[in-house]
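Undergrad: Residue-level listing of the chains:
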Amino acid sequence: MADVALSAEVAQFLYGEVLLLDERRWDEWLALYAEDAVFWVPSYTMQGEPVTDPELSINLIYITSRAGLEDRIYRIRTGTSEASVQMPRICHQISNVTAEAGEGGLITVGANFMVASWSHRRGQEFRSGRYEYQLARSEKGFLIRHKKVLPIEEITDGWFDVVTI
Amino acid sequence: MDTQLNDTSNDPGDFAALVDDRPEDGVFQVSRRVYNDPAILEAEYKNIFEANWVFLAPEGLLKEPGDYVATHIGRQPVFVIRQKDGGIGGFINACSHRGAMLTACRAGTMTEIACPYHGWRFNTDGQCTGIRARRAGWPEDDFDQSRFDLKPLPRLESYRGLIFASLGADVAPLNEHLGPITAFLDLFCAPAPHELEVVAGASIHTVNCNWKVLHDNGPDPYHAATVHGNFAATIVHRDEISGNTGLKKTETGRLAGRVAAGMYAPGNGHTAFWADKETPEVYPVWAMKEQIQKSLPAGKAKWALERSRHVTVFPNLLVNELASTYIRTYRPLAIDRTEISSWCLAPVGEAADLRAARLRKFEDFFMPTGMSTPDDVAIFEMANQGNMAAAGHPNDMSRGMAAATTGPDGPALELGIDPEMSSDQFTHEITLQGVYRQWVKMMAGGNG
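Sequence order for the protein chains is A and B. Going by the working numbering, the letters in the first sequence line up with residues 1 to 165, in that order. Going by the working numbering, the letters in the second sequence line up with residues 166 to 613, in that order.
One or more of the hints may lead you astray.
Just so you have them, the derived chain B footprint on chain A, three or more residues with Cβ under 8 angstroms [claimed, not checked]:
no. : stretch
1   : 37-49
2   : 61-67
3   : 80-88
4   : 151-161
Residues from chain B that keep clear of chain A, each with C-beta distances beyond 10 angstroms, as calculated [claimed, not checked]:
no. : residue
5   : G273
6   : A365
7   : T417
Just so you know, the hints here were simulated from the structure itself, not pulled from any lab data. C-beta: ideal position from N, C-alpha, C; glycine also.
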């Protein structure tokens, strides 16, 4: 059973996280992640199942440290990544948030997401799927230890990055 | 320089007029019509994709009897399946009755193939084994069920675990079609004998560009310094702040143009280019150094261990050997839309740390959500838009035309290949010249 009060508290945190993405406040966004945070977007197998072992599979994204997320921001900021010179305007919707406290103070979170995206280059795009988090409490609030993003589509049209999904 | 392209010709079948190939004048230009005219795509389906060898899938996806991959040859749905005797069958993916596709999945397992429309059944050899209400349909004494066997693909062969097929029956053996590119495909399997497996997961993505915009990019190392400079800068920055060494280090010498490199037009429209590795010891293949040096002549061992290799097989396969082995195939969905499928091949039984290093670098570079491929895709879409500009220049692919060597150069001799053209410059375009010579030949109805 999800903890209703905890779910409401976590939902506020998730709304805050995706607002930072929508407003491109990437340094503040990075600060929500633990130094050894994992950011995982599985790929789908040819049979249409998401891969289960990120270490030994091909993933759309598998980053195992905040430094790896910082690389993504560094690249965007070089100004020479053609895919990133006009970042799309994006708008996240989050729903169906559930949270449960588990062992070691870790909180397991599930939520559905939809990202609407618009750019001159590719027009209107929609991506949707499931977020799963492991959160820890710190003195500054929640800290993201693990975030898994599972888009519903098996075929990626165009591209996306850690800050646009 | 005056172009001699006749791309406003009223003769839609005059494909040779779309490529201005004059080595004596140092001219190689391609009309933008080849990228933007739907009539050209129709002719390509007929004369290229549905006439000659095309790549379908890696054999490693077909492990057990009944495992299949459903894909397309040009416009036509097909599937390949592992048969009971261990062989591989390839069939048109349409019921012999009223044409419904037999599977709508991309891959799966079917030890018996059942048509979802009227329930007709087939075995993995394509034989029709059951027809619902057969006796009510035809006189029993005048019925040969074998006429409803699935239509096999006229030609189906594998090379080094890569499955190719042709809808045209009258084509050269695969080995002959692949020609000098086989030497490169052999290196992916060094040291022999060792097996490669397909790593779990795949990358399938769609791009708003003509298939040739994508195909032109594979043999084009010239773009790397511009398009992937940000990737190199990001990696250098990461390695500086993290002090990454060994397997975790990613090499950027190739992207920065600091190393010896070269390219080939091996013939039949295939291409290859290579670059020396600055730090070969950071590549997972280095762990097999002793075996490779024992099993291959010195020249080939050097190729296997110390050079990155990038190959395209006309018209729809790309194989890149960097830290990982990347294979990509693509098919036109429309004049301006292409679907790309890619996989990672890796040695069976590889140690976990080597495997992880291989896969993380693969994801960094090759995924549509990584740090390089999105830039390629963005550029493909811009090139495709620009290629709508029929009023602009034709596309120029003449770089290196005069400077290139006819026949093999030194590294080619080490590998034992005899390409039509060789160049020691990473920024040349002799690869693309080879591609479009083949394109003209095949569009004119030649089998290459």
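Undergrad: Are any of the numbered hints broken by this structure? If so, which, sorted upward?
TA: Per hint list: 5, 6 violated.
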